[in-house]
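**Q** We have chain A already, so just place chain B on it with the hints.
Those protein sequences? They're chains A and B, same order as listed.
With our numbering as the guide, the letters of the first sequence map in order to residues 1 to 645.
With our numbering as the guide, the letters of the second sequence map in order to residues 646 to 1009.
No lab work stands behind these hints, which were simulated from the structure alone.
Note that the structure is predicted; figures quoted are calculated from it, not measured.
Each hint can be trusted.
Simulated restraints on C-beta separations:
| no. | chain 1 | residue 1 | chain 2 | residue 2 | range |
| --- | --- | --- | --- | --- | --- |
| 1 | B | Glu853 | A | Asn68 | 47 to 55 Å |
| 2 | A | Gly196 | B | Ser684 | 43 to 51 Å |
| 3 | B | His845 | A | Ser195 | 50 to 58 Å |
| 4 | B | Arg715 | A | Asp232 | 50 to 58 Å |
| 5 | B | Ala732 | A | Met20 | 34 to 42 Å |
| 6 | B | Met836 | A | Gln118 | 49 to 57 Å |
| 7 | A | Ile37 | B | Ser664 | 21 to 29 Å |
No more than 30 Å apart at the CA atoms, straight line, and that leaves these computed lysine-lysine pairs for DSBU-like:
| no. | chain 1 | residue 1 | chain 2 | residue 2 |
| --- | --- | --- | --- | --- |
| 8 | A | Lys193 | A | Lys493 |
| 9 | A | Lys209 | A | Lys172 |
| 10 | A | Lys109 | A | Lys122 |
| 11 | B | Lys780 | A | Lys13 |
| 12 | A | Lys172 | A | Lys586 |
| 13 | A | Lys172 | A | Lys309 |
| 14 | B | Lys1004 | A | Lys13 |
| 15 | A | Lys12 | B | Lys780 |
| 16 | A | Lys193 | A | Lys123 |
| 17 | A | Lys309 | A | Lys123 |
| 18 | A | Lys424 | A | Lys493 |
| 19 | B | Lys1004 | A | Lys12 |
Ideal Cβ positions, reconstructed from N, Cα and C, are used throughout, including at glycine.
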Amino acid sequence: MRARRSELKNYKKEQYDFRMRLAAGALLVLICFGILISRFVYLQFSRYDHYQTMAENNRISLVPIAPNRGLILDRNGEVLAQNSFVYTLEITPAKVANTVEETIEELAKLIEVSPNDQKRFKKLRAQTHSFESVPIRTHLTEEEAAQIAVNRFRFPGVEIRSRLFRQYPQGKSGSHIIGYIGRINDRDLENLKESGDLSNYKGSDHIGKSGLEQYYESQLHGITGFQQVEIDAGGHAVRVLSSTPPVPGNNLILSVDSKLQRIAEEAFGNYRGALVAIEPSSGEILAYVSQPGYDPNLFVDGIDTESWKELNESLDKPLINRPLRGIYPPGSTFKPFVALAGLEAGKRHPPFSISDPGFFTLPGNTHRYRDWKAGGHGSVDIRKAIAVSCDTFFYGLAVELGIEKLTSFVSHFGFGKPSGIDIKGEMGGLLPTPEWKRRRFKQAWFPGETVIVGIGQGYMLATPMQLAQATAILANNGKAMRPHLVSAIQESKGGQVHSVPAEVIDQIALNPKNVDLVKQGMMDVTLPGGTAARLGADSEYLMASKTGTAQVVGIKQNEKYNESKVAERHLDHALFITYAPAEDPKIAIAVIVENGRHGGSTAGPIARRVMDYYLLGKEPPSAKPAVEDPSVGAPVTPEEHNHVE
Amino acid sequence: MLNKLLKRLVRHIDGFLMSCLIVTMILALCVLYSASGQSMSKISTQLINISVAVSLMWIAANVSPQILERIALPAYVLGVLLLISVALFGEISHGARRWLHIGVAKIQPSELMKIAVPMLLAWYFSRRESVATFKDHAIGAVLLAVPVGLIMKQPDLGTSLMIASSGFYVLFLAGLSWRILIGTAVSIGVMAPILWTMLHDYQRRRIEILFDPYQDPLGAGYHTIQASIALGSGGLAGKGWLNGTQSQLDFLPERTTDFIFAVFGEEFGLLGNVLLILLFTTIIGRGLVIAAQAQGTFSRLLAGSITLTFFTYVFVNIGMVSGILPVVGVPLPLISYGGTSLVTLLTGFGILMSIHTHKKLVTS
Chain A
1 MRARRSELKN YKKEQYDFRM RLAAGALLVL ICFGILISRF VYLQFSRYDH
51 YQTMAENNRI SLVPIAPNRG LILDRNGEVL AQNSFVYTLE ITPAKVANTV
101 EETIEELAKL IEVSPNDQKR FKKLRAQTHS FESVPIRTHL TEEEAAQIAV
151 NRFRFPGVEI RSRLFRQYPQ GKSGSHIIGY IGRINDRDLE NLKESGDLSN
201 YKGSDHIGKS GLEQYYESQL HGITGFQQVE IDAGGHAVRV LSSTPPVPGN
251 NLILSVDSKL QRIAEEAFGN YRGALVAIEP SSGEILAYVS QPGYDPNLFV
301 DGIDTESWKE LNESLDKPLI NRPLRGIYPP GSTFKPFVAL AGLEAGKRHP
351 PFSISDPGFF TLPGNTHRYR DWKAGGHGSV DIRKAIAVSC DTFFYGLAVE
401 LGIEKLTSFV SHFGFGKPSG IDIKGEMGGL LPTPEWKRRR FKQAWFPGET
451 VIVGIGQGYM LATPMQLAQA TAILANNGKA MRPHLVSAIQ ESKGGQVHSV
501 PAEVIDQIAL NPKNVDLVKQ GMMDVTLPGG TAARLGADSE YLMASKTGTA
551 QVVGIKQNEK YNESKVAERH LDHALFITYA PAEDPKIAIA VIVENGRHGG
601 STAGPIARRV MDYYLLGKEP PSAKPAVEDP SVGAPVTPEE HNHVE
Chain B
646 MLNKLLKRLV RHIDGFLMSC LIVTMILALC VLYSASGQSM SKISTQLINI
696 SVAVSLMWIA ANVSPQILER IALPAYVLGV LLLISVALFG EISHGARRWL
746 HIGVAKIQPS ELMKIAVPML LAWYFSRRES VATFKDHAIG AVLLAVPVGL
796 IMKQPDLGTS LMIASSGFYV LFLAGLSWRI LIGTAVSIGV MAPILWTMLH
846 DYQRRRIEIL FDPYQDPLGA GYHTIQASIA LGSGGLAGKG WLNGTQSQLD
896 FLPERTTDFI FAVFGEEFGL LGNVLLILLF TTIIGRGLVI AAQAQGTFSR
946 LLAGSITLTF FTYVFVNIGM VSGILPVVGV PLPLISYGGT SLVTLLTGFG
996 ILMSIHTHKK LVTS
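If we strip away everything but chain A, and leave its shape as in the complex, we get (with noise of 0.2 Å):
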């Protein structure tokens, strides 16, 4: 009895104990829910806002879609730059089976894939996401293509693409008008953004970096076209929710005739220089030569090592855009503006002439600034100094107008500063005064230095597109045109073209008898007895031109040394200005061939073959260069040749 009651109270006891621990099991339950509880009222209700922002930008992807990037044509419509479908094979390393590097060396079994393509592929990666794809071959050929669709299988992440690619049919001619196209940079990114166009270049990844490709971006680039699209986790589009079309880029007319261009390329031959024709009326660029030129295609996808190396370190640098930033000093081709300088200031008109001993000497002192012939051109006036480009005449001249005077005038022909023409980069030259010397050298002016400014030399820089510039605004009569390259623009919506109007910068008040003076002494250059008169022998129309010649200052100390190069890299550059038909001028000129020696018989003749194209619609005999080839060493007559001392 006594064992059953224990155990039943035992029983009872245990039961009890059960119970407590269960109660104590249910408090556990409803903490552990009530945790539960407070945390969805904390996700789903605190802090609802915060996760609906994040789920919508899982879900809902704007996807940019790129423009196509408008067109250039010359004035015919030819086409300089254009896009074109390429295949591209790109990888995305994020998807890749294995590593990147194995996938490269097994594609590279299949279609070539050179170290070059590895360089840029490695380069292009570093700047991108993991799950971007990079293109580790461009321009496969349909053969390629096959084969890697065909073995596509075997490749997780790698793709065939067909992207627009810019392209530039001319190759080498037109390469420094045009410029090209490069991907976009960390630097552009920062443009961009301060200039709030960012959110346009989305999709884009290339951008204008120079010539007119750089200076016309805005125009060519167009407006990115977005689509909304909800994606999964993946990042596929599932759906598209909306869609905005992108609006292509605007096409870029030129003024410059291309088969113009390509004959002033040619007849430069090997030499290296710069020519630039204008139309004097519009300011109307109708070839703009830089020679030697480059493959702006090299550009589009990142150019690699090698390339960029032989085209950086090259003697003959090619990536100069000679005209614009190519600084020379303009030699006697300054003669005229300086002579139009003085007869507008009174001085020098005919019947005034000097008696040319040969030589220049200041007032009370000594030197001599000797002329380029030696014995003097005898009696001289204004009209023979042009012509037969006498250093004695404007010795004396600047002296007497004082170098003040002299800058001021010849600074409205575009001397001293940038010609403002549509390319980026460009050169102000230099038009020295006394100011600007203590500014830069702390030093006062010498009036031996005004003395030779008179002659285009001493401080005296220009760059060719000023001396074609300066050349037009004398064609015109001193109405200054602002030059430009784009003469029209043509939407890409509608097709309407938009053609960018003749702008005046400058209207120089001048006497149109000073005007017609100086053209006399111009025309008289390729006339018997003028500097360049064997160019001028067998003209069907009159030309009005001045020669010139600039020494070579030195070799650069950076430089490398090249024994045969070097000597002939000392030989002074050749300079020819010109406009014609003289009585009617509808082209002028302004070149420049390095280490050409003398203007009237290297520089002249390739302004001339390219006025008897544009004139006469004279083709030359094929892509026979204008003059020799400098190596050749073509016999040369002492025509001109300023000696500073």
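**A** Frame of chain A; chain B shown alone:
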């Protein structure tokens, strides 16, 4: 006649508990339909799973607790032997050795242990007529540690933790002294750094990411972040059935299995979540009532453990999906897709029903 048969059929089924389970499983099928991207094949597979599980539940409900008590030890021994053979000959899948081939079928012995362990411990304590001593608890702890250790080695952290907790509940309900309980808690706190070094790298990473999922948003933290976004963006009333963007657009990983609660929470919102918790609370409450009314030490310990283990599943899974617990592979009971866990769970509920209904038979 038919009526009689039906009555016989449901004699050992607890109507209240069964109703709750049916409601939950219907809800589960709806969520699965949405989470699987409206896949009818998954629904039909899950329906088969449910039928199998309900059948086993029915069988368990009709087996008297006395029989269970008798098979407790053999089941446990068999389970341990199977676990050892898994460790020796098991099939490796997803980097873990969990499955064992027996002829035509593959079995996961750790699932058997989910029932066998609490059964054995309940059997062990029921044999002690007097109040359980410290020695009893120590022996119980060893009996528990053997299968838990083997499963942790597989490695299957989630299952071993669940089995450990089911065993712990038996010890706790059998009167494990609070002093030992608190002492153990303190010593675990002290041992934690040592345990930390014993964890696998991926387990350690899971705990690290738990505290800061944004450390690795595309890797280990991805699950947690996407689940939080799914729940949070559900708001008060949810985005509506089949309209959860996180779920439908593939952002949620494992969304039919371990993370199915995120789909539910996104589509039904705070309101749905609270209702689901209430539903679970009702099931747990019913289980606790059954345990409280159970006769005999074996029955009540087993009933209490089964009920509290079910709660633990719910809490650990929802806690992990809502980002307050580390991501351990524990499915949401009754809701997650898959047959294995469902079979074990419903067998457990069958045992509860058996305990409840057989008791009535005895008293009457």
